[in-house]
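The whole structure should be built from the sequences, with the hints applied where relevant.
Here the protein sequences come in this chain order: E and C.
Be aware that the first sequence starts at 2, since it is given in the numbering used here, and climbs by one per residue.
Be aware that the second sequence starts at 282, since it is given in the numbering used here, and climbs by one per residue.
By construction, these hints were calculated from the structure, which means they are not laboratory data.
Beta carbons: idealized from backbone N, C-alpha and C, even for Gly.
Just so you know, not all the hints are guaranteed correct.
Beta-carbon label-pair distances, calculated as ranges [stated by the list, open to error]:
hint	chain 1	residue 1	chain 2	residue 2	range
1	E	D130	C	L283	41 to 47 Å
2	C	K427	E	N26	54 to 60 Å
3	C	L283	E	K208	45 to 51 Å
4	C	L497	E	D130	53 to 59 Å
5	C	K427	E	D171	43 to 49 Å
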Amino acid sequence: MSDIKALNEAVIKGDIQTAVSLTQNAVDAGKKAQEILDQGLIAAMDKVGEKFASGEMFVPQMLRSAKAMQECMKLIKPQFQEGDLTSKGKVVIGTVKGDLHDIGKNLVAMMMEGAGFTITDLGVDVSADTFVQKAQEIEPDILAMSALLSTTMPGMRETIETLQKAGIKDKVMVMIGGAPVTANFASEIKADAYAPDAGSAVIEAKKVLGIT
Amino acid sequence: MLIVGEKINTSRKRIADAVEKRDASFIGKVAQSQARAGAHYIDVNAGTFLEKEADCLCWLVETVQSAVDLPLCLDSPSPDALIAAIKHHNGEPMINSISLEKYRFSSLLPVVTRHPCCVVALCMAETSMPATVEERVQVGSDLIQKLTGQGIPIEKIYVDPLVQPVSVDIRMGNAILEAIRNIMNDFPGVNTICGLSNVSFGLPSRRLINRNFLALCMAYGLSAAILDPCDAELMSTLLSVEMLLGRDEYCENFIEAYQNGRLTKA
Chain E
2 MSDIKALNEA
12 VIKGDIQTAV
22 SLTQNAVDAG
32 KKAQEILDQG
42 LIAAMDKVGE
52 KFASGEMFVP
62 QMLRSAKAMQ
72 ECMKLIKPQF
82 QEGDLTSKGK
92 VVIGTVKGDL
102 HDIGKNLVAM
112 MMEGAGFTIT
122 DLGVDVSADT
132 FVQKAQEIEP
142 DILAMSALLS
152 TTMPGMRETI
162 ETLQKAGIKD
172 KVMVMIGGAP
182 VTANFASEIK
192 ADAYAPDAGS
202 AVIEAKKVLG
212 IT
Chain C
282 MLIVGEKINT
292 SRKRIADAVE
302 KRDASFIGKV
312 AQSQARAGAH
322 YIDVNAGTFL
332 EKEADCLCWL
342 VETVQSAVDL
352 PLCLDSPSPD
362 ALIAAIKHHN
372 GEPMINSISL
382 EKYRFSSLLP
392 VVTRHPCCVV
402 ALCMAETSMP
412 ATVEERVQVG
422 SDLIQKLTGQ
432 GIPIEKIYVD
442 PLVQPVSVDI
452 RMGNAILEAI
462 RNIMNDFPGV
472 NTICGLSNVS
482 FGLPSRRLIN
492 RNFLALCMAY
502 GLSAAILDPC
512 DAELMSTLLS
522 VEMLLGRDEY
532 CENFIEAYQN
542 GRLTKA
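Shown next as structure tokens:
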């Protein structure tokens, strides 16, 4: 089995020690950092996301895999020149105004990062104006919003309306999720995508951006 | 142990459909089955109806109270919906919930001081969710002091320690349990309450986890729970734990449940 294949499996298993030593081996053997990243780490996290979305894997396992990837990244990051690291796209994410819940939002951010997206996390209690201001500043491919309370869901609609007023609704894909959020609500407020969980968030993000 | 029956919540599809169609007979049956299973309060939650939440909640209050002779737990993060619903309620409801979040606190405080009611004090800080035992106890203490300072009797206060998933942070289970113990010790007479299912988010076999979590919470002093009283395994756990903790004189309730066929076999 190649080192990369073994690394891939170690990340899926969440075996941090093995993943780190295999990454070090690959770096020492002169493997390209981009190859280690794409085939060893990102491909593994894609698999983790799929298994999570289908109910084969559970939250603690997903966290462990993400941790393994983060530790490996520390070893290969110095290999990349500034700006060299190819990103799948930019994502601005946050929990909407009036809502302090961050667990689901953090899981989504973590899985998106694992899939190769560049994340700007605005935290919790984010107003429509802040979302739009950051969207103008960062020009993300995806604007992702989370809500855990039915009372704060209208904040999603407000953000989309504010994007429209600012004339940038067409320039960004809006994705929403959170326990009370449904696919119906997403289409009602004209969000571009709905993700019921962190694994699906990656799958849906790639779908709306046309990434295979 | 005070039991709040959780089933009338529109996040469950059959309940949402019944509320949509104003099917009073279905809602009434769900209320009655929970009452028969031992609920002391019936929770009503119409949060998924968003803008129509207040209307739906008011309808639920009237519908459930015409089916069962029990007080209700009015369940919403929206002060406006709670304020509307309380006017339709007969007797003393439980208001679920107030927290330190500014709008929620300032708009509900006059309501819970004016109407005789029990109040759930959710350990949510003004701008963040508590993570540790100390943060939970701090927010809980703040809420208890503010509410009793306004003349609310301490035994009408039910502190909810804010249950978070162990799947995300393995220390969460202990943090909740210790918070229950500390709050019960620091404020004699106060109650603690929680829902069970958040603890098992992201894990398999959730009902098993929820049941065992209930037993642990009870051992740490939890005095009320929001749960499905029609879940025979859960209620068997509850009854046996009450007995083991010495709160069921002559094991009367446990034996009676057995004789009525309400205990699970194993």
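Consistency of the hints with the structure:
no.	hint	verdict
1	E:D130 with C:L283: 41 to 47 Å	holds, 44 Å
2	C:K427 with E:N26: 54 to 60 Å	holds, 59 Å
3	C:L283 with E:K208: 45 to 51 Å	holds, 47 Å
4	C:L497 with E:D130: 53 to 59 Å	violated, 44 Å
5	C:K427 with E:D171: 43 to 49 Å	holds, 48 Å
Going down the numbered hints, you'll see the structure goes against just number 4.
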